[in-house]
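Peer 1: Listed below, chain by chain, are the residues.
Protein chains: 2
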Amino acid sequence: MAVVAGVDVGGTNITAARVEGGVITARDKRPTPHEGPEAVRDAVAELVRGLGEVDAVGVGVPGPVGRDGVVHGTANLGGFEEPSPIGSLISDALDGVPVGVGNDANLGALGEVRHGGGEGSRFLLAVWLGTGVGGGLVLDGEPYVGAFGGAGEVGHMVAVPQGAECGCGRRGCLEAYAGRAGMERAARLAAANGEQTRLIKAGKEDQPIKSGRWAKAIAKGDPLANRLLEDAVRALGHTLGSLINLLDVDTIVFGGGLTEKLGQPLIDRIAEATHPVVMLPRKHRRMVEATLGDDAGVLGAAEYALAFRR
Amino acid sequence: MAVVAGVDVGGTNITAARVEGGVITARDKRPTPHEGPEAVRDAVAELVRGLGEVDAVGVGVPGPVGRDGVVHGTANLGGFEEPSPIGSLISDALDGVPVGVGNDANLGALGEVRHGGGEGSRFLLAVWLGTGVGGGLVLDGEPYVGAFGGAGEVGHMVAVPQGAECGCGRRGCLEAYAGRAGMERAARLAAANGEQTRLIKAGKEDQPIKSGRWAKAIAKGDPLANRLLEDAVRALGHTLGSLINLLDVDTIVFGGGLTEKLGQPLIDRIAEATHPVVMLPRKHRRMVEATLGDDAGVLGAAEYALAFRR
Numbered sequence: 149m150a151v152v153a154g155v156d157v158g159g160t161n162i163t164a165a166r167v168e169g170g171v172i173t174a175r176d177k178r179p180t181p182h183e184g185p186e187a188v189r190d191a192v193a194e195l196v197r198g199l200g201e202v203d204a205v206g207v208g209v210p211g212p213v214g215r216d217g218v219v220h221g222t223a224n225l226g227g228f229e230e231p232s233p234i235g236s237l238i239s240d241a242l243d244g245v246p247v248g249v250g251n252d253a254n255l256g257a258l259g260e261v262r263h264g265g266g267e268g269s270r271f272l273l274a275v276w277l278g279t280g281v282g283g284g285l286v287l288d289g290e291p292y293v294g295a296f297g298g299a300g301e302v303g304h305m306v307a308v309p310q311g312a313e314c315g316c317g318r319r320g321c322l323e324a325y326a327g328r329a330g331m332e333r334a335a336r337l338a339a340a341n342g343e344q345t346r347l348i349k350a351g352k353e354d355q356p357i358k359s360g361r362w363a364k365a366i367a368k369g370d371p372l373a374n375r376l377l378e379d380a381v382r383a384l385g386h387t388l389g390s391l392i393n394l395l396d397v398d399t400i401v402f403g404g405g406l407t408e409k410l411g412q413p414l415i416d417r418i419a420e421a422t423h424p425v426v427m428l429p430r431k432h433r434r435m436v437e438a439t440l441g442d443d444a445g446v447l448g449a450a451e452y453a454l455a456f457r458r
Numbered sequence: 149m150a151v152v153a154g155v156d157v158g159g160t161n162i163t164a165a166r167v168e169g170g171v172i173t174a175r176d177k178r179p180t181p182h183e184g185p186e187a188v189r190d191a192v193a194e195l196v197r198g199l200g201e202v203d204a205v206g207v208g209v210p211g212p213v214g215r216d217g218v219v220h221g222t223a224n225l226g227g228f229e230e231p232s233p234i235g236s237l238i239s240d241a242l243d244g245v246p247v248g249v250g251n252d253a254n255l256g257a258l259g260e261v262r263h264g265g266g267e268g269s270r271f272l273l274a275v276w277l278g279t280g281v282g283g284g285l286v287l288d289g290e291p292y293v294g295a296f297g298g299a300g301e302v303g304h305m306v307a308v309p310q311g312a313e314c315g316c317g318r319r320g321c322l323e324a325y326a327g328r329a330g331m332e333r334a335a336r337l338a339a340a341n342g343e344q345t346r347l348i349k350a351g352k353e354d355q356p357i358k359s360g361r362w363a364k365a366i367a368k369g370d371p372l373a374n375r376l377l378e379d380a381v382r383a384l385g386h387t388l389g390s391l392i393n394l395l396d397v398d399t400i401v402f403g404g405g406l407t408e409k410l411g412q413p414l415i416d417r418i419a420e421a422t423h424p425v426v427m428l429p430r431k432h433r434r435m436v437e438a439t440l441g442d443d444a445g446v447l448g449a450a451e452y453a454l455a456f457r458r
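Residue numbers (our numbering), protein chains in the order written: chain A, 149 to 458; chain B, 149 to 458.
Keep in mind the hints are simulated off the structure, nothing from the lab. Check the hints yourself; a few may be wrong.
Because identical chains share one entry, a pair is satisfied inside a single copy or across any pair of copies.
To be verified - 20 Å max Cα-Cα, derived SDA-like pairs, lysine to any residue:
#1 Lys431 to Asp216
#2 Lys358 to Gly411
#3 Lys431 to His220
Keep in mind the model is a prediction, meaning the values are calculated, not measured.
Model the full assembly from the supplied sequences, consistent with the hints where possible.
Peer 2: Written out as structure tokens, the structure reads:
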């Protein structure tokens with residue numbers, strides 16, 4: 149059986165796992181260096197060496213990646229402003245072990261379709277509802293990266309023309325409504341205008357509003373929290389409904405912190421919000437929860453590695 | 149060299165062409181019957197027989213089609229409310245000649261990518277600006293139909309949440325703003341409210357507003373025509389920008405009556421309207437005019453037929 153390494157390069161940590169037949173048999177992690185591609189190469193190579201001999205390595209990074217393993221600039225890693233051939237850098241550092249590099253959201257989608265909530269799907273969208281809104285596509289069974297490696301940016305589809313400002317500097321992106329950072333901006337603005345809410349605690353105004361706090365406020369009927377969640381659901385409904393009309397996927401898998409806290413009831417609300425938009429309703433189209441949690445990244449990267457074995 | 153037939157089943161006419169090496173060597177057409185699948189089968193079979201011996205047949209139909217050649221209901225052909233295996237019906241009528249059936253907008257996109265304005269592209273969207281707004285996708289060089297054959301409905305992506313009513317019964321679809329029927333509805337409403345416009349001629353109020361009339365009114369600076377075109381361009385900008393973020397296509401080809409009359413200047417305006425939305429601007433991404441005109445359908449269907457040869 150092939151032994152591969154799956155590596156998930158996040159903004160905070162790099163996680164690496166040895167994977168055999170879709171099962172993690174060893175893992176390690178370390179903080180992500182932000183001094184540029186060579187520093188990331190060294191950290192990844194050391195982690196992989198620590199896992200023992202592997203046939204191939206898959207690496208997920210938070211940015212657009214071409215099929216040649218070149219990262220086309222990402223603001224999530226320091227020193228990656230210019231295109232960087234991180235795949236060949238890592239392969240060289242590992243004495244030529246084959247390395248496949250992909251976008252982390254896309255590889256997470258691949259993990260979920262092969263071993264998680266999307267099993268059995270051939271046309272899948274994964275939506276990660278976290279600080280931002282990430283997206284990954286698996287079309288006809290294979291990760292879809294597009295012409296220049298930038299595909300899957302469902303979070304930056306326009307949900308509301310000329311709408312709320314997004315962290316990316318554009319306006320009206322889905323992420324501005326359904327990403328935790330955007331929801332928090334809206335909550336703080338409302339609170340500054342005098343609206344009462346459980347989302348912001350007296351004496352702890354500066355603390356970030358985590359998914360657990362959102363879930364608790366929503367459960368207790370907090371009007372502001374519920375209104376902002378409703379905005380998020382509406383934005384998701386329009387955008388994912390449009391996406392279904394365009395791509396006719398059979399499955400949408402939802403992951404990320406907000407999904408983990410709010411679960412299938414949130415997904416059912418989102419599904420209902422797509423109905424007025426979708427042209428071709430299909431009883432076989434599923435909207436389900438991701439099941440791999442934080443392991444989606446390394447398992448997806450490991451799956452991707454399989455295609456690069458010699 | 150393979151000799152194939154390309155058939156374009158429209159709401160008004162069925163056109164069939166004999167195609168050899170991407171060149172049309174014979175053609176014929178007749179009115180589309182609306183008595184159901186058997187009537188369409190008979191008409192297509194007779195047209196194809198009239199073209200002489202062929203190795204395979206490709207057929208484009210105005211509706212969602214699975215890769216098995218089953219049409220999943222279309223309002224554009226009479227008697228097609230239920231799923232209909234039109235591919236095997238036609239093949240049986242032609243003594244077993246292989247038949248491939250696809251959505252007409254998708255096959256038009258395939259025609260443009262192999263022999264038209266999209267030549268050289270591997271990731272292409274074709275947008276047909278006609279009475280409605282049709283869309284066809286070619287991803288990684290192959291027609292993309294999705295899980296259930298319904299992909300490509302760019303005209304029914306949401307351009308404006310809760311916006312103008314669309315011919316499909318939904319609200320805010322791109323087609324409601326950028327399709328000629330939707331633009332005409334808006335023009336008639338404005339005229340009924342007393343707005344002056346060259347779009348509607350005294351004594352000829354009931355005549356449909358064709359693309360030529362739109363082009364003339366716009367050229368003469370008609371305020372209403374220009375405002376509605378601006379609305380169309382803005383809706384196209386948001387929607388196609390979102391689509392680029394999702395699919396990272398390298399080429400968008402524009403066809404249809406409105407494009408033919410307004411040409412590259414219209415396309416350049418649409419391209420500019422996508423810029424505020426697009427995350428990954430690429431100098432290699434092209435937005436160009438379709439070049440095959442009405443032949444895109446039969447040439448694309450003929451290309452599709454090639455994959456079904458025995």
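Peer 1: None of the hints should be skipped; say for each whether it holds.
Peer 2: Now the hints, each set against the structure:
1. In this assembly of identical chains, Lys431 and Asp216 lie within 20 Å of each other by CA distance solely across copies; the values are 19 Å between and 38 Å within a copy.
2. Taking the closest pair of Cα atoms, Lys358 and Gly411 come within 20 Å of each other only inside a single copy of the chain (15 Å); across copies the shortest separation is 51 Å, beyond that limit.
3. Taking identical chains as interchangeable, the C-alpha atoms of Lys431 and His220 lie at most 20 Å apart only when they sit on different chains, with a minimum of 14 Å there against 39 Å within one chain.
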